Amino acid sequence: MSVPVARKFPETPDVLMLPCPPLTRIKEGTTKLSGVVEVVTDNYYEYHKCSDKNDLWIEWYKAQKEIFDSVK
Amino acid sequence: MMWMMHLLPESFLIFIIHALLVVGLIGMVIGFVGSKIPFVGTYATIIKIASILLFCIGVYWKGGYSVEADWRQRVAELEEKVKDAEEKSRQTNVVIETKYRDRVKTITETRERVVEKIKEREKVINAKCELDPSVISILNEAAKKP
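In the order they appear, the protein sequences are chains P and L. Counting in this note's numbering, the first sequence runs from 1 upward without gaps. Counting in this note's numbering, the second sequence runs from 1001 upward without gaps.
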């Protein structure tokens, strides 16, 4: 028989709940390579943030699962 | 009958069970020993039956209460574990948030450094390269979410 104790789903950190923004587009009419490189850098920046967020989601899940499984 | 135990407060439940046992025991003693006493002797049989009945109910409830108490203890232990787990979960969230902020700080610093380098070498970068307008539309097409 199981013990009737209610358990809440763990709260997720607010920072992980933010969706990844769309990639920045290059302004039409740009002819300079430096302008393109800047936009590419911005997109790399957003990618790295998004990638870290994904890594932390995995870390959060593993940690929360371990905590959840420890209660028996 | 046993379901009633869920509704009663613990102290009251213990009091009732002990009262039944004590009254039952006293009643049995009076019923068996006091049968020779003139007034008590008249009701001895009724007292015996009633007190045996009360004692049996007391014993039955005592057994039920032991099981109930065991369950209550297990629930209390589990509630304590759940409380600890919730606290650990909150701490984990704090760690994750701190990690995220630290990483974003590092990424932002790297980006600023790179943007600074681009600005420094802007003339060199642009000197030997002029982009065809199709490059922009091709790159933007790649950036567009399919």
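Please note that a few of the clues may not be correct.
Unchecked claim - Heads up, simulated DSS-like pairs for lysine-lysine below, C-alpha to C-alpha not over 25 Å straight-line: (1) K72(P) x K1083(L); (2) K62(P) x K1081(L); (3) K1145(L) x K53(P); (4) K1099(L) x K72(P); (5) K1144(L) x K62(P); (6) K1119(L) x K1105(L); (7) K49(P) x K1128(L); (8) K53(P) x K8(P); (9) K1144(L) x K49(P); (10) K1145(L) x K49(P); (11) K32(P) x K53(P); (12) K62(P) x K72(P); (13) K32(P) x K1128(L); (14) K53(P) x K1105(L); (15) K1099(L) x K32(P).
Stated by the list, open to error - Which residues of chain L face chain P? A few of them, derived with a C-beta cut under 7 Å, are: (16) I1057; (17) V1059; (18) D1102.
Just so you know, these hints were derived from the structure itself, not from any lab. Nothing here was measured: the structure is a model prediction, and the numbers come from that model. Note that the Cβ used here is the ideal one computed from N, Cα and C, for glycine as well.
Each hint tested on the structure:
Between K72(P) and K1083(L) the alpha-carbon distance is near 13 Å, which keeps this suggested pair within the 25 Å criterion. For the hint pairing K62(P) with K1081(L), the CA-to-CA distance comes to about 19 Å; that is within 25 Å, so the pair holds. For a cut-off of 25 Å, the pair hint linking K1145(L) to K53(P) stands: about 19 Å separates their Cα positions. This hinted pair does not check out: K1099(L) and K72(P) have alpha carbons roughly 30 Å apart, beyond 25 Å.
For the proposed pair K1144(L) and K62(P), the alpha carbon gap of about 33 Å is over 25 Å, so the pair is violated. Between K1119(L) and K1105(L), the direct Cα distance comes to roughly 21 Å. Compliance with the 25 Å bound is thereby established for this hinted pair. Using a Cα cut-off of 25 Å, the hinted pair K49(P) and K1128(L) is violated, with the two alpha carbons roughly 33 Å apart. This hinted pair checks out: K53(P) and K8(P) have alpha carbons roughly 23 Å apart, not beyond 25 Å.
Note on K1144(L) and K49(P): the hinted pairing holds, with a Cα-Cα distance of about 18 Å set against a maximum of 25 Å. The straight-line distance between the Cα atoms of K1145(L) and K49(P) is roughly 18 Å, inside the 25 Å bound, and the hint therefore holds. Taken as a hint, the K32(P) and K53(P) pair is broken in the structure, with Cα atoms around 32 Å apart against an allowance of 25 Å. Taking the CA atoms of K62(P) and K72(P), the gap is about 17 Å. The hint holds against a cut of 25 Å.
Only pairs whose Cα atoms come within 25 Å are accepted, and K32(P) paired with K1128(L) is accepted, the gap being roughly 10 Å. Proximity of K53(P) to K1105(L) is assessed by CA-CA distance (about 13 Å); at most 25 Å being required, the pair is judged to hold. Simply put, K1099(L) and K32(P) have alpha-carbon atoms about 37 Å apart, too far for the 25 Å limit, and the pair is violated. At its closest, the beta carbon of I1057(L) sits 25 Å from a beta carbon of chain P; the interface hint therefore is violated under the 7 Å criterion.
A least Cβ separation of about 24 Å between V1059(L) and chain P goes past the 7 Å threshold, and the interface hint is therefore violated. The closest approach between the C-beta of D1102(L) and any C-beta of chain P is roughly 10 Å, which is over the 7 Å cut-off, so the hint fails.
The structure fails hints 4, 5, 7, 11, 15, 16, 17, 18 (numbered hints given earlier, in ascending order).
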